[in-house]
Amino acid sequence: MSRLTPKERFMNKLMGREVDRAPVFCADQTGIYEEMDELQVFWPEAHQRAGDMARLAAAAYTIAGFDAVRVPFCQTIEAEALGCVIKYAGREGIPSVNVHPYKLEDTVKPLPENYLESGRIPELLEAVKILKQEVGDQVIAMGGIIGPYSIAASLIGITTILKASFKKPDQVKPYLDLAEQAGTALGKALIEAGADIICIEDMMASMDMISPAIYRELVFPWEKRQIEALSVPSILHICGKTNPIIEDMASTGAAILSVEHTIDSVDAKEKLKKFDRFIPLIGGVDAVVTLFSGSEDEVLQQSLKALESGYDMVAPGCSIAPGSPLANLKAMVKAAEIAAKQ
Amino acid sequence: MAIADVFVRYDLKKEAAEKKVAAGKDALLQKVMDAVVDGDEDNIVAYVNEALAAHDPLVVIREGLVKAMDEVSRLWDEGVYYLPQTIISSDTMLAGLDECEKKMGHSMEKKGVVITHTAEGDIHDLGQQIVNALLRANGFQVVDLGKDVPVDDVVSAVKQYKPAMLTGTALMTTTMTAFNKIANRLKRDGFDMPFVCGGGAVSLEYVTSFDLGIWGKEAQQAPPMANDAVAGVSWTKMREKYNS
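So the protein lines, in turn, are chains A and B.
Just so we're aligned: the first sequence equals residues 5 to 346 in our numbering.
Just so we're aligned: the second sequence equals residues 15 to 258 in our numbering.
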């Protein structure tokens, strides 16, 4: 078939229609040092300023050749606007939460009225506008938000939320309410700024962290509420081996599921067939062993294998380690081209 | 839930069943063990004190607390326990350990010093907490640098404590590259202790790509690795033993 723009390719695949090749992108962080050097745009500025953020994000398309671009690069935007103290990690790292504002027993404050004007949210929204203007006619612009359980973990601390999820789940719920409102409000603002797709990362809901029972009790209802409130298709990303909850993830209403290479993709795809809509599964590339440490050929082979084993779009199953070689990112695109010719 | 029920309920392997018999000889120690496996933080102190009335503190530690953590590790390994239960069990064990050390009037004589940390920028330190608990239960002095630790802080802690072993945990792909920087700095300054790195984002390929690095697959490898390190086994030999 004739050559599609990245945007057409992505949207066609999302709808289960024909494509010239499988789309390639990353649902999580995309910035790498080689792109930063080429653009002379660096962290931490690209975490903080709209212009730099948009330029580095666009590199996923203009330099690496991905079919979608995304902002931000960190997982602390909502947390910061809700009062978490953020620690920056210089040129090489991503910001992290340094101080959690709440203790489990505290009374949870409502979402601040000026929430969308807080922290780096205005810069993030501006970055989406710039991305749309610069590359938006060609490529999918994704806005990233953080899932309710993961924001709640930033609010009270990870050990606290994990223990409470097992022993006192009711005490976690007010935090999930606030976290969901924060993520959803940001998601809506990102859509208004022009985001075509919202990507929800709920990394703390990984089966490496919690059990399927906790997922069903304390994660699923809030994710579902959030996804239903967003007017564009959403990608739900959860790390780890998500086979035990893959049907629950689909039941949230997420348009696309982003998973780690550790899952049994054939089993997952089989389970997704039970739904009356096409739900693309994305991932298949090991972000550490292959994309970061592996050779170009290893990335190529794993990407090809991903497309054979049920993945609809090629992506790393986690944030791209910023030290990953550019050639390895490009090898994912190359694999999609090769697979299309076979 | 008693430990026996855990085994029945999950139909664990034969070797697990054998352990159950070994731990079941003494009712007081069994109660300590059950409390740790069940994560009964409210009652552990009372049970440990009951056991201490009949047993030497070292026996309570070895036969009750450490054995219980072995079972917790196994349940985690088998996918029966998830992280929340494991963390609660570790905390329960540590509360029991404090009680035993109080009774001894001093800390357990330490086999050696291990420094543990979680990489800068990493939001998880849960794997590290379990490593800390297992090392402490097995008699090592743990210098816990906590999470989100900059490279400089790790290097200066090594200079200060001269540990037999250093560990690093990273669960995010965006943070793990701190480990080779730490290893290079230590090497340059003449340190050659094994640097065991583990956690979700960390791979064998990455860790064995720099000197001193030994890949830790699971938290429960920490005590045997620390034993080797204290016995003077070099990082190269340890890499052969654990990573090949």
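No lab work stands behind these hints, which were simulated from the structure alone.
Don't take each hint at face value.
[To be verified] Subject to a maximum C-alpha distance of 30 Å in a straight line, what follows is the list of computed DSS-like cross-link-like pairs (lysine-lysine):
1) Lys136(A) <-> Lys172(A)
2) Lys39(B) <-> Lys334(A)
3) Lys278(A) <-> Lys309(A)
4) Lys201(B) <-> Lys124(B)
5) Lys172(A) <-> Lys45(B)
6) Lys136(A) <-> Lys245(A)
7) Lys173(B) <-> Lys171(A)
8) Lys176(B) <-> Lys39(B)
9) Lys201(B) <-> Lys117(B)
10) Lys309(A) <-> Lys231(B)
11) Lys133(A) <-> Lys334(A)
12) Lys91(A) <-> Lys124(B)
13) Lys116(B) <-> Lys201(B)
14) Lys45(B) <-> Lys245(A)
15) Lys176(B) <-> Lys231(B)
16) Lys11(A) <-> Lys172(A)
17) Lys171(A) <-> Lys255(B)
18) Lys201(B) <-> Lys273(A)
19) Lys91(A) <-> Lys45(B)
20) Lys39(B) <-> Lys91(A)
21) Lys245(A) <-> Lys201(B)
22) Lys251(B) <-> Lys171(A)
23) Lys91(A) <-> Lys125(B)
24) Lys113(A) <-> Lys228(A)
25) Lys173(B) <-> Lys251(B)
[As the list claims (entries may be wrong)] Selected chain A positions facing chain B (in silico; Cβ < 7 Å):
26) Met15
27) Tyr37
28) Ser169
29) Asp212
30) Met213
31) Ser215
32) Ala291
33) Val293
34) Ser323
35) Ala325
[What the hints assert, rightly or not] Ranges between beta-carbon positions, derived for each pair:
36) Lys124(B) <-> Lys172(A): 33 to 41 Å
37) Lys172(A) <-> Arg202(B): 35 to 43 Å
38) Asn118(A) <-> Arg202(B): 47 to 55 Å
39) Asp141(A) <-> Asp91(B): 49 to 57 Å
40) Gln44(A) <-> Gly126(B): 31 to 39 Å
Where is the CB? At the ideal position from N, CA and C, for every residue including glycine.
Hints versus structure:
no.: 1; hint: Lys136(A) <-> Lys172(A); result: violated, 44 Å
no.: 2; hint: Lys39(B) <-> Lys334(A); result: violated, 62 Å
no.: 3; hint: Lys278(A) <-> Lys309(A); result: holds, 24 Å
no.: 4; hint: Lys201(B) <-> Lys124(B); result: holds, 26 Å
no.: 5; hint: Lys172(A) <-> Lys45(B); result: holds, 24 Å
no.: 6; hint: Lys136(A) <-> Lys245(A); result: violated, 34 Å
no.: 7; hint: Lys173(B) <-> Lys171(A); result: violated, 41 Å
no.: 8; hint: Lys176(B) <-> Lys39(B); result: violated, 41 Å
no.: 9; hint: Lys201(B) <-> Lys117(B); result: violated, 41 Å
no.: 10; hint: Lys309(A) <-> Lys231(B); result: holds, 25 Å
no.: 11; hint: Lys133(A) <-> Lys334(A); result: holds, 26 Å
no.: 12; hint: Lys91(A) <-> Lys124(B); result: violated, 35 Å
no.: 13; hint: Lys116(B) <-> Lys201(B); result: violated, 39 Å
no.: 14; hint: Lys45(B) <-> Lys245(A); result: violated, 34 Å
no.: 15; hint: Lys176(B) <-> Lys231(B); result: holds, 24 Å
no.: 16; hint: Lys11(A) <-> Lys172(A); result: violated, 45 Å
no.: 17; hint: Lys171(A) <-> Lys255(B); result: violated, 39 Å
no.: 18; hint: Lys201(B) <-> Lys273(A); result: violated, 47 Å
no.: 19; hint: Lys91(A) <-> Lys45(B); result: violated, 44 Å
no.: 20; hint: Lys39(B) <-> Lys91(A); result: violated, 51 Å
no.: 21; hint: Lys245(A) <-> Lys201(B); result: violated, 36 Å
no.: 22; hint: Lys251(B) <-> Lys171(A); result: violated, 43 Å
no.: 23; hint: Lys91(A) <-> Lys125(B); result: violated, 36 Å
no.: 24; hint: Lys113(A) <-> Lys228(A); result: holds, 23 Å
no.: 25; hint: Lys173(B) <-> Lys251(B); result: holds, 23 Å
no.: 26; hint: Met15; result: violated, 28 Å
no.: 27; hint: Tyr37; result: violated, 10 Å
no.: 28; hint: Ser169; result: holds, 6 Å
no.: 29; hint: Asp212; result: holds, 6 Å
no.: 30; hint: Met213; result: holds, 5 Å
no.: 31; hint: Ser215; result: holds, 4 Å
no.: 32; hint: Ala291; result: holds, 5 Å
no.: 33; hint: Val293; result: holds, 5 Å
no.: 34; hint: Ser323; result: holds, 5 Å
no.: 35; hint: Ala325; result: holds, 4 Å
no.: 36; hint: Lys124(B) <-> Lys172(A): 33 to 41 Å; result: holds, 35 Å
no.: 37; hint: Lys172(A) <-> Arg202(B): 35 to 43 Å; result: violated, 48 Å
no.: 38; hint: Asn118(A) <-> Arg202(B): 47 to 55 Å; result: holds, 49 Å
no.: 39; hint: Asp141(A) <-> Asp91(B): 49 to 57 Å; result: holds, 51 Å
no.: 40; hint: Gln44(A) <-> Gly126(B): 31 to 39 Å; result: violated, 48 Å
The earlier numbered hints that this structure contradicts are 1, 2, 6, 7, 8, 9, 12, 13, 14, 16, 17, 18, 19, 20, 21, 22, 23, 26, 27, 37 and 40.
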